[in-house]
Amino acid sequence: MDEDNKMTDETPKKQVIETEVPLGPVHSAAIEPYRVRLFVEDEIVKDAEITIGVNHRGIERIMEGLPVEKANSLTEKICGICSNIHIWNSVLVAEKALEIDVPERAQYIRIIMAELERLHSHLLYLAHGNEVLGHETFSMRLFYIRETVMELLRMVGGNRVQYGVPVIGGIRPRAELDQMKIQKIEDGINFLEEKLSNFAERFISDPMIMSRITGVGVIKKEDALRLAVSGPTLRATGVAVDLRRDMKEYDPFDFDVITQDDGDIKSNLLMRVLENFESIKIIRQAINHLPEGSITNRSWEMQDTPITKNYVEAPRGKLYHSYALNDGRVRHCIIRTPSITNIGAMEYACIGCHITDAQLAVVQCDPCFTCTDRAIQIIQL
Amino acid sequence: MTVVDSLIALIAVIGTLIVAFVVSVWLPGIERKFVQARIQQRIGPPISSPGLMAPIKFFFKQIINPNSPMPGLYNSLPIIGIIISILLLIIVMPQLYFLVAFASVVALVGLLKVEEILYMFMGSLSKSVLSIRMPFPDLVKGAKHRDVPRSFVEELSSMRAFRLIAFGSFPIYIAIFVPVAMAGSIFLNDIVAYQQLHGPVLFTLGGILGAIVFFVGFMILLNEYPFAILKTKADVIEGPLLEYASKYRAYVYISRGLLIFVLSSIFATLFLGLPPTILSWTILINIVVTLAFTIIMAIVSAFSPIFTYKQFYPVVAGVSILGVLAIIASFL
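If you read the protein sequences in the order shown, they are chains X and Y.
Residues in the first sequence are numbered consecutively from 1, following my numbering.
Residues in the second sequence are numbered consecutively from 1001, following my numbering.
Possibly wrong hints are sitting among the right ones.
The list that follows gives simulated cross-link-like pairs (lysine to any residue, SDA-like), each with its CA atoms no further than 20 Å apart [to be verified]: (1) Y:K1310 <-> Y:I1165; (2) Y:K1144 <-> X:I17; (3) X:K195 <-> Y:K1310; (4) X:K46 <-> Y:R1150; (5) X:K195 <-> Y:I1039.
Partial pick of chain Y residues on the chain X-facing surface, computed with a CB cut under 10 Å [to be verified]: (6) I1039; (7) R1042; (8) S1131; (9) S1151; (10) V1153; (11) R1160; (12) K1233.
Since the hints were derived computationally from the structure, they do not count as laboratory data.
Idealized CB from N, CA, C, for every residue including glycine.
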């Protein structure tokens, strides 16, 4: 053997993997089209690899060259769960570029929609988490609770999935809130608060559930920062970062940035439960202090703008939209959803878990690969 | 035994089997509609759907051959499961107690073991499309680990079935030996006769503990939540049963319903001294026990997450210790 090729004590030894268990992209525990390759030894995951790319929609490419209003509407199609935050961020990019002031009443209604959507997303997360955990009763009950939020979203936005509330300069007239709608929102969030409290109490006191989720799928704080994790998954590791604190739209509202310390599945699940209470708090403040006045500012003019970017705190984390405007049309559009930066954490969280816990470790990071998976390659023939 | 007696025994056996089939087709519906759907505040399926209409529907579906090295054997395993359930039921019927060695606890344990082994065969004989390697994302795009031996989800469940045979079925076998310890005999006619003289085993301390242990073992044998490690939705999905389609899936459904009735009847025989026979009104007790087991099992399942080994081992160990205590108590 060549002297140079001899393995010395300093040579790092390649990890020998016993078996690979590929799960997905079609799998009962995955509501998204992704594929997890679990490298296991005696059912314990030694390494994991997540691949996406099953979905090719190329929405940024479709947006290129469209009038900005149409392009904004299209961003809602990126995600079926957090559609509102996409259109809001896209509208915010145009407003920032064109320096448009939005009426205060419209800002408040946008906040109400954003927080209702956060509730809907977090409740879906909790329901799905419980389903993967194998607790169908909790899962069903959470879907039942979530139905109240869906009905409120339908009432305000006119639809259960794509609401189309924000427009450049304000909100659509159909999303205006009258006294009856405000009363319904108040009743809805009161109901939600009571049901969520009951759920949280029972969830925490269930020893079987706690045994399944405590100390499993741990993401340490320093690793979360290294892996560029964002959103509630980052906050569950103890890092108090919430972009809502930096958004001027949230300035009038008093809310806490919830954090947990352990970074395990329990912390992530509890994180969303507690964030739901904060969202309820924000909605209650918004409806109690809803300003009077116009909901749309129409006194703005279209002009060419350079590439403008904006970040918002989506239910899953940091959401980025950027584009330039040229002759009223969108150019150089780039969108980055939170799940793309959280993939590293999902792989990391699986390591050391039992296979049954591995899917739960992925789910704890709240993946939304359908909205992440937008890349297409244009080949000029 | 005269010809008339033989004829009556034959009618009793066939009649009891018919009752067992009729009752068992309604059990999944009761479990899902009356218990779990109510707990989960949803409408649930029609009561006849999961146990009766679904098998009928599957009988008329196109037959799909699974991706299996031995499809014939793989497809015949649910039928073998039904045959084993029938044999188990026949064993506990009083008409066949004259087959002394056959009508014993040893035969019960042996047949239950075969039932468990079936899952291992099912898992090892099936290869679903869900675990197929995808050359582009897995290999071409720069995978972390290349050329690693691949395991199918069914293989995983097969290995779990092996572990269940090794340790998961301890509780039910320990519980079966509680009445044996009390009656001082492994033969079912002796156990039934003992209870007719001294009252049901269930109403003693050892019997109560044994019944609890038996119920846990019953849930493990049926792979019900929280013990469903063979059929965990989060990883192996339906595990060994994943590739069964058309009439073979219908056999799987029938087999499960029948096994619930059979295990409940074994309990009624061993712990109440009431073997299932259509010639006696006590078959109603067997049906009540079956319904009670189904309902309690559905409630426990509805309020439990699925266990991994971390929870499974301590529960099995704890319940097995309880079973040993039950046997000790039965000697006192």
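Does Y:K1310 pair with Y:I1165 here, judged by a C-alpha cut-off of 20 Å?
The hint holds at about 17 Å.
Chain X contact restraint for Y:R1160 - C-beta distance below 10 Å:
Y:R1160 check passes; min Cβ-Cβ to chain X is 8 Å, inside 10 Å.
When the least beta-carbon distance from Y:S1131 to chain X is tested against 10 Å, hint result:
holds, 5 Å
Given Y:V1153 as an interface hint, is the shortest Cβ-Cβ distance to chain X below 10 Å?
Since the shortest Cβ distance to chain X is 7 Å, the answer is holds.
How about Y:R1042: closest beta carbon in chain X under 10 Å, or not?
holds, 6 Å
Within 20 Å, alpha carbon to alpha carbon, are X:K195 and Y:K1310?
The given pair, whose Cα atoms are some 31 Å apart, is violated under the 20 Å limit.
Pair hint outcome, Y:K1144 versus X:I17 [Cα-Cα no greater than 20 Å]
The given pair, whose Cα atoms are some 11 Å apart, holds under the 20 Å limit.
Let me know if the C-beta of Y:K1233 comes in closer than 10 Å to any C-beta of chain X, holds or violated.
holds, 5 Å
X:K195 and Y:I1039 were given as a pair; does the straight-line alpha-carbon distance stay at or below 20 Å?
holds, 16 Å
Have a go at the Y:S1151 hint: is there a Cβ in chain X nearer than 10 Å to its own Cβ?
Hint on Y:S1151: holds, closest Cβ of chain X at ~5 Å, below 10 Å.
Given pair status - Y:R1150, X:K46, alpha carbons within 20 Å
Between X:K46 and Y:R1150 the Cα gap is close to 14 Å, so the pair holds against 20 Å.
Supplied contact hint for Y:I1039, tested at 10 Å Cβ to chain X:
holds, 6 Å
Violated hint: 3 only; the structure is consistent with all others.
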